[in-house]
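Given chain P, work out where chains W, R and U should sit, using these hints.
There are 4 protein chains.
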Amino acid sequence: MDYQKLIEKVFLKTAEAGNPGKVASYIPELAHVSPEKFGVHMITLEGEHFAFGDSDEQFSIQSIAKVLALSLAYTIEGKEIWKRVGVEPSGTAFNSLVQLEADHGKPRNPLINAGAIVVCDILVSRLKDPKKELIAYIQKIADNPKINYCPTIAKSEKEHGFRNAALINFIKSFGNIHNPIDTVLDFYYCLCSIKMSCAEMARTFLFLANQGKDVVSGEEILTVSQAKRLNAIMQTCGFYDEAGEFTYRVGLPGKSGVGGGIIAVHPGKYAIAVWSPRLNEKGNSYRGMKFLEFFTTETASSIF
Amino acid sequence: MDYQKLIEKVFLKTAEAGNPGKVASYIPELAHVSPEKFGVHMITLEGEHFAFGDSDEQFSIQSIAKVLALSLAYTIEGKEIWKRVGVEPSGTAFNSLVQLEADHGKPRNPLINAGAIVVCDILVSRLKDPKKELIAYIQKIADNPKINYCPTIAKSEKEHGFRNAALINFIKSFGNIHNPIDTVLDFYYCLCSIKMSCAEMARTFLFLANQGKDVVSGEEILTVSQAKRLNAIMQTCGFYDEAGEFTYRVGLPGKSGVGGGIIAVHPGKYAIAVWSPRLNEKGNSYRGMKFLEFFTTETASSIF
Amino acid sequence: MDYQKLIEKVFLKTAEAGNPGKVASYIPELAHVSPEKFGVHMITLEGEHFAFGDSDEQFSIQSIAKVLALSLAYTIEGKEIWKRVGVEPSGTAFNSLVQLEADHGKPRNPLINAGAIVVCDILVSRLKDPKKELIAYIQKIADNPKINYCPTIAKSEKEHGFRNAALINFIKSFGNIHNPIDTVLDFYYCLCSIKMSCAEMARTFLFLANQGKDVVSGEEILTVSQAKRLNAIMQTCGFYDEAGEFTYRVGLPGKSGVGGGIIAVHPGKYAIAVWSPRLNEKGNSYRGMKFLEFFTTETASSIF
Amino acid sequence: MDYQKLIEKVFLKTAEAGNPGKVASYIPELAHVSPEKFGVHMITLEGEHFAFGDSDEQFSIQSIAKVLALSLAYTIEGKEIWKRVGVEPSGTAFNSLVQLEADHGKPRNPLINAGAIVVCDILVSRLKDPKKELIAYIQKIADNPKINYCPTIAKSEKEHGFRNAALINFIKSFGNIHNPIDTVLDFYYCLCSIKMSCAEMARTFLFLANQGKDVVSGEEILTVSQAKRLNAIMQTCGFYDEAGEFTYRVGLPGKSGVGGGIIAVHPGKYAIAVWSPRLNEKGNSYRGMKFLEFFTTETASSIF
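Protein sequence lines, in the order shown, are assigned to chains P, W, R and U.
Mapping of the first sequence onto my numbering: residues 2 to 305, in sequence order.
Mapping of the second sequence onto my numbering: residues 2 to 305, in sequence order.
Mapping of the third sequence onto my numbering: residues 2 to 305, in sequence order.
Mapping of the fourth sequence onto my numbering: residues 2 to 305, in sequence order.
Hints in this document: simulated from the structure, not taken from any laboratory.
Mixed in with the good hints, there may be bad ones.
No copy is singled out in the list; a pair is fine if it fits within one copy or between any two copies.
[Said to hold, decoys possible] Below are the DSSO-like pairs computed for lysine-lysine, each with C-alpha atoms no more than 30 Å apart in a straight line:
(1) 159 with 107
(2) 270 with 159
(3) 38 with 6
(4) 156 with 23
(5) 10 with 156
(6) 270 with 147
(7) 10 with 80
(8) 129 with 14
(9) 129 with 147
(10) 10 with 107
(11) 133 with 10
(12) 23 with 214
(13) 23 with 84
(14) 283 with 133
(15) 156 with 80
(16) 14 with 84
(17) 159 with 129
(18) 133 with 23
Bound conformation, chain P alone:
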């Protein structure tokens, strides 16, 4: 299949279909990004690269980084991690708080804010220098020492983070946060501040298409079983209240971020990253969703 040609075709079809929705505006670093940015980068297990548009420009990957924190915590804790966070889809943000109450402070899954905060608490407990060790882990997976936190974004997130402060205090009232709140939140905001380009993001997540192994070095990042399970979690929980829609329309495990990025993985085949800042009403990239829907339809490449 001529992926380059196909990506260009689908890219243009998506671009022509309009660009409604709104750029996230709760922090200036997101609000000031040009809403017309649009890039895509795909890497196959054979090592082929296909790209188009703004695929080399870095953006804030936001919640997509939660998958990497989970990967590290899962490596350290193994199955024990599921005592502190679940694997079920979360429904609406609205339900999130109600369900935290009903579930006695155990977040529904590790990819919503509440769950990622618990994952951060686990890493704070287990790592000597959490910030340093996490970014080293990500740089290694990404095979790229330039990937880093963005202090400006982390600072802005903190200043507007009353909801997250509410969540962590609520969870701590049930005993499911073991470290000081400020330490965990500080670490969490660093996690959310990571910047990557589509090219870097596709490279970083390629191990999830390769049964947990790095495609170049062959090093095991997750076991086969763990990689499958992490993909399963992305499938059911990666798109907030639109996980079902993404599964239905795109049919690949993936994760979106409020910065407009989406990573999707076809196990055994490829990883593909898309970026377009305007979000639909559920908070996922409008064009990112559209592109991936068209792309998997054209390639008939859903996992189903």
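Below, chains W, R and U alone, put in the same frame as chain P:
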């Protein structure tokens, strides 16, 4: 791979692991089934059959039949069906009512009771003789004219169906039921009363592993795209509030019923049916879940 | 105090303050009432009558009749009634269903629909001819054999009663309805169909200002303690999600109906009925609320 | 009426009726109070005092102090206060968070934690030295310069205050907290730490039985209208999810605290304070509720 040997091995391992949980008891037809029944039947796209235990004994497939009603309605309505029912996981039964209110009477997905009732309403609107045409459709897919409704079960369901009556009245108050309540409920209870053995169930659902085509006749039951999407819906919505857990542990699209049955489909490979009446606290077959977890781990055959 | 002069003054002040809001329109019998109707009638324990406006025109008292059904059931059951229905305010309609679930089918209080339906179920169990005996009871309290059900309204209510049908089925699924659903709903819709004028309504409810005794005959309708408690329930539960607002602004026990009527009682002093069909967004008479707020402010006659 | 004799009789009747329930234990200062403490103190508008049991021993009045903060804020803000906090009963703690979301960060009423925190935020905005001015205000009303905060309790509250920290952050995310979170919470915990005896508490709240005026000096603390409205709010919102039950059983406006205290007010007649640390399952003093129920039944002195 020697599937027969593997199935026997996994069957015995599961059997040895205990059999906690409770048989559904809200109607006598379910309550009186022996809790120790345990059967499995697998069919590959190549037409090979592998079975063990009580695989030829019929049981009430209950909610599993919702997938077949959806398949028929999807064929008739196409994408229009999603105007009346969503594709998102539902969370707890508790949330179900709240979400119906929040979503103005549009059920979250077609595999929860509320959604299946709306699917039944659609079929009642579109078919001349809904009961007759639905069972004919199922018999054709199953390649088996003996599959049928069980009037005793349908009657019992109706007598204990106050929650379903509440649901349909609530949905009708939003205008999302177009036919008389009694007509729709009567049809719905027939749907839930269908009986199959594991062998029959695996045969019936095999088209979903075969891109929507019957493996023998080659006839198209769903288009490729529709079959993929129906699998996607089973993946995110097939196990009530345990869809994430099933996806995480088993990694295949599937659907469970309160009678203790589970169907799972590996697209491109096989369909497998398991039956064991004791249910875990989420209402899914305890042994059925365990068997499939062990089985997909042994065969490394999840879709992720 | 010159109550007649005061009532006229407050009436005109209220009339001048505008008449926003909407007439209830879910059944034609309510939708077709002139929105400019406005009447008031007050009776003191000394037997003085003061009236103004459309005080002698009958209208559908709707939920106000729930107080009378409760009064009869309370007389028959005594404290046992609180095993089947609570005395707590209900919050929003939205919460109503959630709380029914959380409270296992026991409605929060007898003045919301769910609770009044349970009260009707109790009367159906206890009375030989519920419709006949209830209206006889009301006619006696009202000292007026002309008070009656309106079959047209009862029929319309039934035809639009999907929400109530949902409620009663839901409650029955918890075992808190003992009689056939149709029998109870039929009786409930009769209760809601009663018509009275302001003059008749003030006379009917005067016993609640008089420690449970009829002011003319002296007959005990409720014991002193029961009358106090029924007033207490009206205070906390009489105005749907606006009970606190009414208590805050008016400071008297009362009950409103979707037909635009309000009854309020000052224990030891008087009963006062107001009618104006336009409803505020919480479903209570816009002018009725305003009139009573102005009136109790002018007379400094709240119970607080 | 011989109130002294009556109080002793009702006290003994209550004491004999058992003392189930649990002392609040989330902070040591509450957990270490003897569960058998039991005191009562009543003051009439004529200045008569009647007391029995441990009526002169100070205890932590906890949430009862919220009424005094509200009184001060109401004096300063007037009706404007209702733009930031409502007057409706709150239902369960569970619903509290849901309703905050539904109401966009406006708490249901000023006597639940969320609402009292907003009241504290208002006072922090309006007062130069909030802690000093609030306690001066309370000392004046109490006619007692010895009433004060308890720093040990305030400190303990803060250390266990994750739920309150969650609430205030959540409210601030909606913009309904104007000052720094730590400043407001610090002030709030001081408010909750105030200690009084039954004798002191009855004296402090007597102005609410006297149309807002101090009984000795005649000074206006609240206007007549404001005093009525504050009583109305206590009636519908003073007992968490048991406001209806208290209204039904006792029939007086009042407020309870988790330290086992209850204040109740009979407008135009008296104020009465009760203290007994064991709480029922709704978090209100078991014996306090019982005593007041028996007392108002004996004296037939409910406001209804």
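A quick look at each hint next to the structure:
no.: 1; hint: 159 with 107; in the structure: both (23 Å within a copy, 23 Å between copies)
no.: 2; hint: 270 with 159; in the structure: neither (38 Å within a copy, 49 Å between copies)
no.: 3; hint: 38 with 6; in the structure: within (20 Å within a copy, 55 Å between copies)
no.: 4; hint: 156 with 23; in the structure: within (23 Å within a copy, 45 Å between copies)
no.: 5; hint: 10 with 156; in the structure: neither (39 Å within a copy, 56 Å between copies)
no.: 6; hint: 270 with 147; in the structure: within (26 Å within a copy, 42 Å between copies)
no.: 7; hint: 10 with 80; in the structure: between (43 Å within a copy, 24 Å between copies)
no.: 8; hint: 129 with 14; in the structure: neither (49 Å within a copy, 41 Å between copies)
no.: 9; hint: 129 with 147; in the structure: within (22 Å within a copy, 51 Å between copies)
no.: 10; hint: 10 with 107; in the structure: neither (44 Å within a copy, 36 Å between copies)
no.: 11; hint: 133 with 10; in the structure: neither (41 Å within a copy, 46 Å between copies)
no.: 12; hint: 23 with 214; in the structure: neither (37 Å within a copy, 41 Å between copies)
no.: 13; hint: 23 with 84; in the structure: between (37 Å within a copy, 24 Å between copies)
no.: 14; hint: 283 with 133; in the structure: neither (33 Å within a copy, 41 Å between copies)
no.: 15; hint: 156 with 80; in the structure: neither (33 Å within a copy, 38 Å between copies)
no.: 16; hint: 14 with 84; in the structure: between (45 Å within a copy, 25 Å between copies)
no.: 17; hint: 159 with 129; in the structure: both (23 Å within a copy, 29 Å between copies)
no.: 18; hint: 133 with 23; in the structure: neither (34 Å within a copy, 48 Å between copies)
When the structure is compared with the earlier hints, violations turn up for hints 2, 5, 8, 10, 11, 12, 14, 15, 18 and for no others.
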